[in-house]
Amino acid sequence: MCALEELTKLAADLDNPAVQEWKADGKKVVGFFCSYVPEEILYAADILPVRLRAPGCTETTAADVYMSHLNCTFTRSCLQLALEGRYRFLDGLVFTNSCDHIRRVYDILREIRPKDFPFLHFISVPHKASEDLVAWYRDDLDEFKGNVESFFGVQITEASLSNAINVYNETRSLLKRLYQLRQGDSPPLTGSESLNVTLAGTTIPKERYNQLLRRLLEELSEREGISGYRARLMMAGSGGCDNPDYFQVIEDLGGLIVTDSLCFGSRYFWEPVETGDDLVLSLARSYLNRPSCPRIVDNVAARCDFVRQMVDDFDVDGVVFQRLRYCDLWGGQLLHLEKELKESNIPMLSMEREYALGAVGQLRTRVQAFLERLER
Amino acid sequence: MEGRKGTLDLVKDSLSIYNAAVVGMRSEQNIGLAQLLQMLSGCFGEACTAKEKGRPVAWINFGVPSELFWAMDIVPVVIDVLAGLVAPTILGSDAMRYIDIAQERVPDYMCANNKVLLGAALSGDIAAPDVLVHPANPCDSNLATYPVLAEHSDFPYFCVDMPYFRNERCTRYVAGELKRLVSFLEEKTRRKLELDRLKQAMEYSNLAHEYFLKTAELREAIPCPYASLDVWAEYPAVLCMAGRPELVDYFKQRYEMTKERVDKGEGPATGVKEKSRLVWIYGAPAFDVLIFLWLESEYGAVSVANMNSNFVMKPVEDISDYDSILMGLAEKLTLLPMTRECGGPWENYLDATIELLRRYKADAAVFAGNVACKSTWAVIKLVKDKIYDELGIPTLILEMDLFDPRITSSDSIKAQFDKFFTTMIQR
Chain A
1 MCALEELTKL
11 AADLDNPAVQ
21 EWKADGKKVV
31 GFFCSYVPEE
41 ILYAADILPV
51 RLRAPGCTET
61 TAADVYMSHL
71 NCTFTRSCLQ
81 LALEGRYRFL
91 DGLVFTNSCD
101 HIRRVYDILR
111 EIRPKDFPFL
121 HFISVPHKAS
131 EDLVAWYRDD
141 LDEFKGNVES
151 FFGVQITEAS
161 LSNAINVYNE
171 TRSLLKRLYQ
181 LRQGDSPPLT
191 GSESLNVTLA
201 GTTIPKERYN
211 QLLRRLLEEL
221 SEREGISGYR
231 ARLMMAGSGG
241 CDNPDYFQVI
251 EDLGGLIVTD
261 SLCFGSRYFW
271 EPVETGDDLV
281 LSLARSYLNR
291 PSCPRIVDNV
301 AARCDFVRQM
311 VDDFDVDGVV
321 FQRLRYCDLW
331 GGQLLHLEKE
341 LKESNIPMLS
351 MEREYALGAV
361 GQLRTRVQAF
371 LERLER
Chain B
1 MEGRKGTLDL
11 VKDSLSIYNA
21 AVVGMRSEQN
31 IGLAQLLQML
41 SGCFGEACTA
51 KEKGRPVAWI
61 NFGVPSELFW
71 AMDIVPVVID
81 VLAGLVAPTI
91 LGSDAMRYID
101 IAQERVPDYM
111 CANNKVLLGA
121 ALSGDIAAPD
131 VLVHPANPCD
141 SNLATYPVLA
151 EHSDFPYFCV
161 DMPYFRNERC
171 TRYVAGELKR
181 LVSFLEEKTR
191 RKLELDRLKQ
201 AMEYSNLAHE
211 YFLKTAELRE
221 AIPCPYASLD
231 VWAEYPAVLC
241 MAGRPELVDY
251 FKQRYEMTKE
261 RVDKGEGPAT
271 GVKEKSRLVW
281 IYGAPAFDVL
291 IFLWLESEYG
301 AVSVANMNSN
311 FVMKPVEDIS
321 DYDSILMGLA
331 EKLTLLPMTR
341 ECGGPWENYL
351 DATIELLRRY
361 KADAAVFAGN
371 VACKSTWAVI
381 KLVKDKIYDE
391 LGIPTLILEM
401 DLFDPRITSS
411 DSIKAQFDKF
421 FTTMIQR
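As given, the protein sequences belong to chains A and B, one line each in that order. Numbering (our numbering) for the first sequence: 1 to 376. Numbering (our numbering) for the second sequence: 1 to 427.
Be careful, since some hints might not be right.
Derived, one-sided and incomplete: chain A residues facing chain B with beta-carbon distance under 7 Å [claimed, not checked]:
1) His101
2) Lys128
3) Tyr326
4) Asp328
Simulated crosslink set (DSS-like; lysine-lysine; CA at most 30 Å straight-line) [as the list claims (entries may be wrong)]:
5) B/Lys386 with A/Lys115
6) B/Lys51 with A/Lys115
7) A/Lys339 with B/Lys51
Think of the hints as simulated: they come from the structure by calculation, not from any bench. Yeah, the Cβ is synthetic: ideal placement off N, Cα and C, and Gly gets one too.
From just these sequences and the hints, can you work out the full model?
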């Protein structure tokens with residue numbers, strides 16, 4: 001099996017063979033929401049961090065007993081899987097105050113399923129990236145580290161944390177190389193394939209992942225590049241954008257997704273963790289200052305700049321800005337992003353969606369019209 | 001962003017119409033509301049004339065202490081009150097127009113409170129402020145609207161962040177944020193915060209708060225001595241006027257009037273004979289506050305308390321120095337209604353709600369759920385079940401947009417109350 005196939009298979013399910021092997025060795029697995037959780041702390045404790053999503057979720061009937069139709073379908077789908085017991089392979093969960101929807105999943109699970117996840121931790125992430133708040137976030141991460149140590153009976157040493165950061169930085173470097181391959185006229189992989197690759201990285205041990213990435217880079221160097229596409233596209237927007245089939249619909253119409261600004265994509269790995277004397281402080285600073293989601297309020301302009309930079313670097317013809325219905329954070333961002341991209345003559349298609357792939361006909365029609373506009 | 005009608009004329013126009021409307025809603029019986037409007041007229045009137053007097057104007061959001069601004073001679077316009085209370089109630093179709101304008105640029109599911117302001121700003125009907133200050137609480141819609149609007153329209157802004165869990169550490173964090181806010185205001189407005197003026201503002205704020213707490217205690221009486229509409233008026237009064245002597249006068253009068261009625265064993269001035277007591281555990285339809293009068297007249301149902309007016313925190317005890325004041329203000333902010341219930345773990349909401357219902361001997365809870373308020377909708381089932389388990393009383397859950405009657409009309413809300421009273425209260 002080639003590396004791309006293997007990564008794609010691993011991305012398809014959270015409880016995948018790599019996770020099962022990890023557990024078979026008697027080691028722990030902890031799920032987490034949101035890219036603001038520094039996974040390195042868990043990894044340093046020899047615990048596998050798995051970023052939560054809800055692949056294969058087709059209905060939210062159990063979750064809807066608790067959450068409302070006014071809550072986003074990403075969180076309802078995750079709650080659904082939790083209630084169905086499909087997260088039982090996890091030894092714990094870590095939440096953040098990412099958004100109003102996610103933080104309430106934490107509340108609901110604590111109330112109705114207190115025993116399902118014996119380790120539950122909530123990290124309060126500042127809403128600003130200013131240096132004043134980095135120290136506070138550092139202390140919160142230190143508390144998280146302490147809780148992991150005491151609950152799981154492990155010790156996170158400077159050496160183990162340093163090693164974890166190095167492993168994760170290697171992942172970041174390899175993924176960046178992968179993305180750089182897509183800057184050329186004939187990228188060796190589609191956006192859908194690329195998403196599968198990054199998704200796999202959020203669900204399997206990073207050392208194994210890095211091996212697979214190295215293999216993938218080698219294999220791609222011999223793969224024939226993609227040509228004949230109608231336009232080079234960039235995906236931007238909200239979290240919960242983890243369905244390669246959504247990308248596939250767009251690419252089936254002739255658009256080629258060459259880059260993104262997604263927390264399951266480039267924003268997950270774009271900047272390395274710069275280390276200093278205090279490793280926890282290094283993590284705090286790096287995570288708060290990474291290309292951000294709109295929950296960080298003082299980065300409105302920087303988020304637009306990041307999109308513009310990606311457009312330049314990847315020779316993008318148009319941006320597909322998608323967001324989950326009921327996601328206020330990305331909904332508000334629309335106001336500024338639309339204006340900024342218009343001023344920069346960058347065409348943008350704004351799409352609202354649900355978590356599970358649906359309304360495909362409407363999606364096709366909108367994308368088709370957008371591609372026609374780009375071709376003019 | 002130039003004001004089409006000039007600086008804050010939108011506000012001035014709204015208030016003149018509102019003042020006229022109050023006469024038609026039996027203002028002599030809803031004295032608190034009438035006084036509130038008078039105060040708001042004064043407050044927004046200052047904003048209207050601020051520029052010509054060389055005073056900076058700040059748009060602030062609830063969760064930001066107005067005391068600091070009054071002490072710095074910066075006129076605070078509480079945009080929640082402007083957009084959420086005044087505009088939809090008074091401007092009617094104009095408010096809907098602002099919502100529609102906003103929805104051309106942002107999704108419909110964002111809070112209409114934010115959208116009214118956004119639409120007014122984008123259409124140029126309200127002049128840009130010198131600064132905008134908003135909290136990171138209680139919801140994503142706030143968080144998503146104000147910084148983006150400020151960047152979009154190019155005026156300076158500051159976010160007062162607050163950690164998720166409310167404790168001593170959280171208070172210190174918020175106090176640090178307030179200190180940084182003062183630096184920001186001093187830099188952007190070139191006004192210095194003088195300790196003496198801050199102390200004076202805090203004295204006014206504390207005195208008003210003490211009267212409020214004493215009145216809140218009197219409101220526990222059966223029959224409730226307070227008109228439903230007057231209870232509702234307290235939230236905007238505190239948000240806009242904390243730190244001003246007018247608020248002291250307001251709550252002093254409220255206290256004296258309430259005490260007199262309690263001593264006489266009288267119900268509210270509206271003359272209603274109290275048959276049941278409702279507590280609103282979230283907001284209320286701002287587009288039709290007369291619903292309170294309808295409930296009183298139709299069912300003898302007095303709305304004795306609501307979440308937003310549940311200011312149970314203590315006044316700031318130590319106002320001897322700058323740091324103590326900021327710590328005290330920070331602690332108050334962490335306990336501010338709405339911030340407390342919607343911005344932290346659900347237990348904050350549950351505990352405050354159960355306590356409120358118990359204290360005011362409610363016969364039923366009313367959840368007028370704003371369609372945009374994702375965090376409360378996500379846990380209202382849990383809250384409703386707990387209310388029943390602990391107090392044995394029902395909760396009416398209404399889905400509406402608090403500021404836009406096109407989502408759920410007054411008639412529809414009344415029909416749901418009709419059904420509720422028929423099937424639950426009279427059971």
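Here is what the structure says about each hint:
no.: 1; hint: His101; verdict: holds, 6 Å
no.: 2; hint: Lys128; verdict: holds, 6 Å
no.: 3; hint: Tyr326; verdict: holds, 5 Å
no.: 4; hint: Asp328; verdict: holds, 4 Å
no.: 5; hint: B/Lys386 with A/Lys115; verdict: holds, 20 Å
no.: 6; hint: B/Lys51 with A/Lys115; verdict: violated, 60 Å
no.: 7; hint: A/Lys339 with B/Lys51; verdict: holds, 29 Å
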